[in-house]
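**Q** Given the sequences, and given the hints that come with them, work out the whole structure.
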Amino acid sequence: MKLPDLGELAVRNLRESILRNSLTTIGISVGVASLVAMLSLGIGLQQLASRRLMKSGLFDTVLVTSRRDLRNSNRGEDRGGPAPGESRILDEPTRLEIEHLPNVLEAYPDIRFITELRYEDKPHLTMVAALPSSAQSNDAFESVQGRFFSSDMAPEVVIQKTFAEELLGKAPKPGLDETNVAVLAAPLLGKELTMRYAQREAPQAAPSSAENSTPGGDQGLAGAAYSVVSRELKLKIVGVADLDPESMRGPTRARVFLPLKLAESLHVMQPTDLREISRAASDQPVYSSVSVRVKNPSGVQPVEDAIKKMGFNTFSILDASRSIQQFFKVLDVFLGIFGSLALAVAFIGIVNTLVMAILERRREIGIMKAIGASDGDVKRLFFAEAGAMGILGGIVGVALGWAIGQVINLGTNIYLKRQSFPPEHFWAVPWWLVVFAVLFSFLVSLAAGLYPAGRAARLDPVQALRYE
Amino acid sequence: MSGTDKDQANGAPAIRAERLSRHYRMGENVIRAVDGVSLEVGSGEFVALLGSSGSGKSSVLNLIAGLDRPTSGSVIVHDRDLAKLSREDLSRYRLHTVGMVFQSFNLIASMTLAENVELPMRFAEVERGKRDSLVHEALARVGLQDRMNHRPSELSGGEQQRAALARALINRPQLLLADEPTGNLDSRTGTEIMNMVREFNRQLGMTVVMVTHERALAERYAQRLVFLADGKLVSDEANLTVVEGATEQGRL
Chain A
1 MKLPDLGELA
11 VRNLRESILR
21 NSLTTIGISV
31 GVASLVAMLS
41 LGIGLQQLAS
51 RRLMKSGLFD
61 TVLVTSRRDL
71 RNSNRGEDRG
81 GPAPGESRIL
91 DEPTRLEIEH
101 LPNVLEAYPD
111 IRFITELRYE
121 DKPHLTMVAA
131 LPSSAQSNDA
141 FESVQGRFFS
151 SDMAPEVVIQ
161 KTFAEELLGK
171 APKPGLDETN
181 VAVLAAPLLG
191 KELTMRYAQR
201 EAPQAAPSSA
211 ENSTPGGDQG
221 LAGAAYSVVS
231 RELKLKIVGV
241 ADLDPESMRG
251 PTRARVFLPL
261 KLAESLHVMQ
271 PTDLREISRA
281 ASDQPVYSSV
291 SVRVKNPSGV
301 QPVEDAIKKM
311 GFNTFSILDA
321 SRSIQQFFKV
331 LDVFLGIFGS
341 LALAVAFIGI
351 VNTLVMAILE
361 RRREIGIMKA
371 IGASDGDVKR
381 LFFAEAGAMG
391 ILGGIVGVAL
401 GWAIGQVINL
411 GTNIYLKRQS
421 FPPEHFWAVP
431 WWLVVFAVLF
441 SFLVSLAAGL
451 YPAGRAARLD
461 PVQALRYE
Chain B
469 MSGTDKDQAN
479 GAPAIRAERL
489 SRHYRMGENV
499 IRAVDGVSLE
509 VGSGEFVALL
519 GSSGSGKSSV
529 LNLIAGLDRP
539 TSGSVIVHDR
549 DLAKLSREDL
559 SRYRLHTVGM
569 VFQSFNLIAS
579 MTLAENVELP
589 MRFAEVERGK
599 RDSLVHEALA
609 RVGLQDRMNH
619 RPSELSGGEQ
629 QRAALARALI
639 NRPQLLLADE
649 PTGNLDSRTG
659 TEIMNMVREF
669 NRQLGMTVVM
679 VTHERALAER
689 YAQRLVFLAD
699 GKLVSDEANL
709 TVVEGATEQG
719 RL
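Chains as they are written, first to last, in the working numbering: chain A, 1 to 468; chain B, 469 to 720.
The set of hints was computed from the structure by calculation and includes no laboratory data.
Hints are supplied without guarantee of correctness; some may be wrong.
Partner residues are not named here, just some residues of chain A that face chain B (Cβ under 10 Å, in silico) [said to hold, decoys possible]:
id, residue
1, Met1
2, Lys2
3, Leu6
4, Glu166
5, Glu201
6, Met368
7, Ala370
8, Ile371
9, Ser374
Every beta carbon over 12 Å from chain B, so not counted as near; a handful from chain A, in silico [as the list claims (entries may be wrong)]:
id, residue
10, Met127
11, Asn180
12, Thr194
13, Ile367
14, Val396
15, Gly411
16, Pro423
17, Leu433
18, Leu465
For each residue, glycine too, the CB sits at the ideal point set by N, CA and C.
**A** Printed below as a string of structure tokens:
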């Protein structure tokens, strides 16, 4: 029997017991819908997470730290590199070496410290970080209110939105607030902040070149290797950043940014210095970490590998997104299994419907065989019926799953809005999922038709025709 | 398979059954539905299988039709031993060589007459474009051209059996096998159907084997009367009234 005839007969047979077959098809649809809903939720969440990471603008940045650094020693996952004890020091020659790796745009020391900033005589404690002038191309600073630093040595700062709120005495609202940065920036731009910081001073070294410094203060900390001097520096607020440029750093993210060269010249006491007394004694500056900017995200991996070979620890957003992707793959599998459960029930429904159909159409099968239908014809006819229910159920199921997704998305967004979060699109039905779902439904239905079709094909026509 | 003329010319039998047996096992007992029947039917012959119910006449017909396989013995139709055909080949034999009509018509209730008649052509993979005219022609031959789009339940028994005849003929088979074709019909419509069967036998040269328990009917139409009882052949005689009136064919 040819395919068009097969299809025609299958559809006419399905229409004959329309109620039963519709119910079976709805069963398949519900199964497919739950599968689609589960998987599209997984995919949507994954896309949402990747989108968030993309926005951070740090896809092309690698953070390099020394393996000596105790902060990293316990997550050192020694990948063949030297043991932490004999690891290299992250100093200026190393920085230059990294900068000369292929694909590297620049490597700059990562200077960050917690310190006190006074604004209108009120102290505010926060993390301060240094930024190279190239950072102004960072996505996070594209929407900056005001401007970026006028030069690498300018006593200027760009502050993050949440810090601006703090300075203005506004309580941070729960969740993501939608306060307009322009409103925050207006009263702050051009104002002065006074930064108090601890300067590290080698005993033999000449006094710091930083302006506005007030000598004196605490001295003689941590033995004779170096001394710590308390200093003050007046800084002008030139910009307020809306986005958080350091979202990947988590708790060490800074809210105030200084020009890199200025920060270097301050010789600010850094948290790691206490542990690195011997290093601090040398003339060469030693960095706790170096940020490496790579030409494009695809170059991050080779650069990371090269730096690891040099004996340093690296971290990039790709590492983070890789583990996130892994998590989502596992999540997808679990969601898929739950979604498939409903389809397994539908599978049994198809088997049941077709076995019923054989009993009901026993005589009809006998007639078809008597007038010349082969076993194969009968088998294919039942397969075609199962397959047609599968495809139809698949299509309806995808539509249903999509609709369920939309409703849940809508409902969640209404909830998010009430909690003053911005709406999110965490439900994605990519085209391949549609194709996959319909195909899967078709194949599952064919598999369900296997037994009934075989049984119908083997039916003895004499037996089938014997009784009225 | 258009060997009908040739077969008729040299008198080769269309159907040859040799020591045909069909036994069923029912628990401890073996039921001998057909028990060593040998029979030859010439090409173009009209043979009636007679006997009371349970005599095995329908079983013989099913064996000739290729719907069933013999326990022992063989059925050779146009030089092909049905026992040796694969299931696939047997279904092809049923499709192209055999046309069947039944007591209970056996039309598919969910299909219109036209669809019922078309069905064997679907299995035979007849080109779609040719089917409509063939269906129309076949239904016109049995006088149902106006009822093409009716379902069987909307028709009388006689009309249904005529549609079944049209379906049996659609793939131009050489054998027409009829199992009590008038059993569910009143005598007037029964006569109508039998006249058609005889017409196919004479005009199209089809070999007809008809199972019936009505001796009178058999005597009116068949050239040969074969009597069965308890699965055995008890007599095989030419029906002289018909033979003399129609053709010199027939055998003793």
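**Q** Now tell me, hint by hint, if it's right for this structure.
**A** To see whether the hints hold, each was checked on the structure:
Using the Cβ-Cβ criterion of 10 Å, the hint placing methionine 1(A) at the interface with chain B is satisfied: the shortest such distance is roughly 6 Å. Because the smallest distance between the Cβ of lysine 2(A) and any Cβ of chain B comes to about 5 Å, under 10 Å, the interface hint for this residue holds. For leucine 6(A), the shortest C-beta to C-beta distance to chain B is roughly 8 Å, which falls under 10 Å, so the interface hint holds. Because the smallest distance between the Cβ of glutamate 166(A) and any Cβ of chain B comes to about 78 Å, over 10 Å, the interface hint for this residue is violated.
Look at glutamate 201(A): its Cβ only gets to about 98 Å from chain B, farther than 10 Å, so that hint breaks. Look at methionine 368(A): its Cβ gets to within about 7 Å of chain B, closer than 10 Å, so that hint holds up. Contact between alanine 370(A) and chain B, as hinted, is supported at the beta carbon level, the nearest pair being about 6 Å apart and thus within 10 Å. Against a cut-off of 10 Å between C-beta atoms, the interface hint on isoleucine 371(A) holds, since the closest Cβ of chain B lies about 5 Å away.
Below 10 Å, beta-carbon pairs count as interface contacts, and serine 374(A) has one with chain B at about 4 Å; its hint therefore holds. The claim that methionine 127(A) lies off the interface holds: its Cβ sits roughly 78 Å from the closest Cβ of chain B, which is beyond the 12 Å cut-off. Even its closest Cβ contact with chain B, about 69 Å, leaves asparagine 180(A) beyond 12 Å, as expected for a residue assigned away from the interface. For threonine 194(A), the non-interface assignment is confirmed: its Cβ lies about 92 Å from the closest Cβ of chain B, beyond the 12 Å cut-off.
Not every beta carbon of chain B lies more than 12 Å from that of isoleucine 367(A), the smallest distance being close to 5 Å; the non-interface claim is violated. No beta-carbon of chain B is positioned within 12 Å of the beta-carbon of valine 396(A); the least distance is around 24 Å. The claim that glycine 411(A) lies off the interface holds: its Cβ sits roughly 45 Å from the closest Cβ of chain B, which is beyond the 12 Å cut-off. With a cut of 12 Å on Cβ distances, proline 423(A) stays outside the contact zone with chain B, its closest approach being about 52 Å.
Separation of leucine 433(A) from chain B is adequate, the least Cβ-Cβ distance of about 37 Å exceeding the 12 Å criterion. With a least beta-carbon separation of about 7 Å from chain B, leucine 465(A) fails to lie farther than 12 Å from that chain, contradicting its non-interface assignment.
Of the numbered hints listed earlier, those contradicted by the structure are 4, 5, 13 and 18.
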